[in-house]
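Enquirer: Build out the structure end to end from the sequences listed, making use of the hints.
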Amino acid sequence: MDGRTTGPVVTGTSAPLVGRPDALAALRGALAASRRDGFQFLALAGEPGAGKTRLLGELAAMAGGDGFTPLWGRAAEYEQMLPYSALVDALDDHLDARREEVVRTVGSGQAALLSGVFPGLAADDAPIGGALPGDEPALADDRSGLARYRLYRAVRHLVGGLAGTAGLLLVLDDVHWSDDGTLEFLDHVVRHPPAGPVLMAVAYRPAQAAPRVARLAAAAGPRGHEVAVGPLSAAEVRQFLGPDVSRGRGTALYEASGGNPFYLEALARMGGTDVTELPPTVLAALQVELGDLSPGALLVAQAAAVAADEFEPAVAAVAAEVPPAATLAALDELVERDIVRSAGGRFRFRHPLVRRAVYESAAAGWRLGAHARIAAHLAELGAPATVQAHHVEHSGSFGDRRAVEVLVDAARAVTAHAPATSAHWLQAALRLMPDDAAAREDRLALMLELSWAQGISGRLAEGRDTARELLRMLPEDDYPRRGRAARVCALMERQLDRPQEARALLLDELSRMPNPRAAAAVPMRMRLVAESMMRVDFRAAQAVLDLMPDNADDWEPGLAVAVAALRPMPALAARRTDDAMRYAEIAGKLLADAPDEHLSEWLDAIAWLCWAESYLGRYGEALRHFDRAAAVARSTGQTYILTNLLAGRAKTLVATGRLAEARATAEESVEGARLLDSGQQLVFALTQLCLAESWSGDDEAAVRAGEEAVRCGVGAGETWEATARYARGQALVNAGRFADGVEAVLDACNRFESPRVDPGTLLQACETLAYADASRETSTGVDAGAGTGVDAGAGTEAAARAAQWAALAVRLEEPRLPAYCGFAALARAHALSRQDPSAAAQAAEEAARLLAAGERRLDAGRALLTAGLAHLGVPGGRSRARENLRAAAEVFDSCGARALKARTERELRRLGVRVGGGATTAAGGEAARFGLSPRELEVALLVAEGLTNQQVAQRLFLSVRTVETHLSRIFAKLEVTSRVGVATALTR
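Position in the sequence shown (first residue = 1) + 251 = our numbering.
Hints may contain errors.
[As the list claims (entries may be wrong)] Derived DEER-like restraints, expressed as beta-carbon distance ranges: (1) Thr320 <-> Ala843: 35 to 41 angstroms; (2) Thr532 <-> Glu330: 39 to 45 angstroms; (3) Arg763 <-> Gly871: 42 to 48 angstroms; (4) Ala688 <-> Asp651: 17 to 23 angstroms.
What the hints contain is simulated information worked out from the structure, not anything from laboratory work. Here the structure is a predicted model, which is why all the values come from computation and not from measurement. Ideal Cβ placement from N, Cα and C applies to all residues, glycine included.
Expert: What follows is the structure, given as structure tokens:
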């Protein structure tokens, strides 16, 4: 490479830092916490010139002295759209120097994925490590926008690998100028910390930063640290200036600069200026400093400011139109005057404010010409379009077809991992493109591409507006394309939680068509069906479907599959189960016969088939179709469909007891929804993550996901919003918070008065309510027997309610949906568990048989656990109890249900059965063995060491109240009543 340094190049002289004792203490604390507790996130916030970079330089020195590897990158004011520029600046040279080691650390698949962003990992002539089976697909192969999530995950793993055991300091300066991709990565990494001792430090200007930047430290929770960098005090200014500056001049400089270190330094350089003539602003002071340069040095400085934040002398020479020798001589003067500083074979301005002052000192017309000269130079060198695009954008003229071509090529090259930048360059291309008849088709195609790039970058409103503009530009009689554009607009309105606008748009466009039943109208009518189903108006959906044929001669390929895919769900909602099954069979056969290219335009309809199959208990077919549709969505860039498909896949995996896969799939769906910035899709995803985490045994993560889903506040009155509330209620019940959980489940089901959740969820809700009330009966009975003063009548009331839920489950049961048939029997078992253990055991065993037949392994395991516990209350039932409990433990182990497995094993130990080992225990470690979440195990171990709640809170950066909440759950899960009991349980 070019010998660029990995540390800061703009930290100034090595003079001791003046003041900042609190900030330095915070830096040392964050570094120590990183060494002790792993990942930490540090944010320095301050106005321009406040000294943020100087403090980061001190942090880098501290980290280096402690054995950390410091890597430093900076975003630039005039290159804000360059994808991941700060990360590339920080990491690329380091990766290039250690390419083979990095590939071994992260694997060839992830290295190939990362090479799409970091040139240092790109192979010269072959894929990294060869094309290996199972490698990550290349960024360019995933046009969905979720490629960014895979990229962020890969960078996170890379950072953890670079940290090793020694530690890594990753500094990103001036992140207020970062592109959207870098900010998304930072948002990702504070919620999904890398492994190992990693300290990530960023600096930003609050007035210029996006709100998401200011929220990063808070989003990191106890791992986050925020340091406000303010002005120096009068005493610190005197120390900064030194003894050679008189007290009177020092006071004048302090008052003029306001204590801003950079402004103060600029004024101090003007030693001969009378104090009454000091420049009023820092930029004015810099202009005075630039006025002392020779004309040749100023010209090269201006050319360098146009070229890049970190520039090569050859590029500056081209921009300035001066010979290389003269350029180097000018650079010598600029270095001597500390305008720029050497960074190996390149140069950098001493501060972004200096570059800005130099850039603005050049005439606008001259800057345009300089950009054009650099663009032509890069084209001659064969530089990629992404390298040329910045300069082409600033120099291209209206009608310049080559400039348009470069911008479009650059946009398409970065769409997968930087769609916001792609959209920016497409807009630049459209500004240069003539709006005449000859270019009309190209303009329309680019606008459609722009709408899509805006949508997947999370700018749904902009994408919607572009699609509406496209609709206005299309001829009134161009019905096929108008229909497609209207459908895209409606989809985006739906993602923006504006269903009324979506419906109005579709109806308006249909009213313009002379024949609203023509083939061109079918896509919009299909979207109306989907809108009706989202509103739980299945009658309206069915009415539209009844008027649509199954096929027609003038239909384009794939449309018949799409119409067939919509038919099962309204039939299922109307409890026409046989029809729903038949429609699903027909649609499945049509789907199997259709090639992928016929499906891409109709994935929103095919998603309804996938979900309907999952609701029908056709889990194998559902997973197969979810996977195929997701693959098409990735390759065609349909993020808003992909996140929905992933959520449905996670739901199906939970139902079949594949919890590890379900959690990973739900997490990807959540990340995709966050990138898309769609409240609707985020609720879909968080709902499934809540259920996957809950059944896996992480109660804290489950409740957190459920509460966020409900807090989103979108989709009022629609099925998915009610399902989110149900999932939260289920998580609360599983966490032992029975009263809160019961109320949440009842609220989600509208207390069973015109409920908006699907029939299967209603049955599960009945079983959950029966379990919760039966459990409350048990706990109140124990309390009353222990003489606590609790009314024993409460237990009787709870038992009666459990019996009511069991009876309701029997009425709701649909024999033609075998996947759900066992829930009524399981609810009955809960209701009978205290009064008639023998009947309860029999009902639970019947439930286990039915649920296993319906492929619901996890629920079958729960039924076996219920049966085993019931047999303990039957004379002579211990042998049968051991048999059921052993079977339940095996099921929970294979499913990854840690808490349920731990509870089952505790019961087996009480029966004298030796247990231990198993896949879940090996994979989940000590936390899984005791049925605790990782955080609960941390609290339990500290309590076992004898620490008080206050001491535990301080050690784990938690509130005392949070520790108390964890401790109450630990007591319940370990079935102990004291801190001594916790210590005893952990040593069993």
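Enquirer: Give a verdict on every hint.
Expert: Going down the list of hints, with the structure as the test:
1. Between Thr320 and Ala843, the C-beta spacing of about 53 angstroms breaks the proposed range 35 to 41 angstroms.
2. Taking 39 to 45 angstroms as the suggested C-beta distance range, the pair Thr532 and Glu330 does not conform, at roughly 24 angstroms.
3. In this structure, Arg763 and Gly871 meet the distance hint of 42 to 48 angstroms, their C-beta atoms being roughly 44 angstroms apart.
4. The given range of 17 to 23 angstroms is respected by Ala688 and Asp651, whose C-beta atoms sit roughly 19 angstroms from each other.
In summary, the structure is inconsistent with hints 1 and 2 from the numbered list given earlier, while agreeing with the others.
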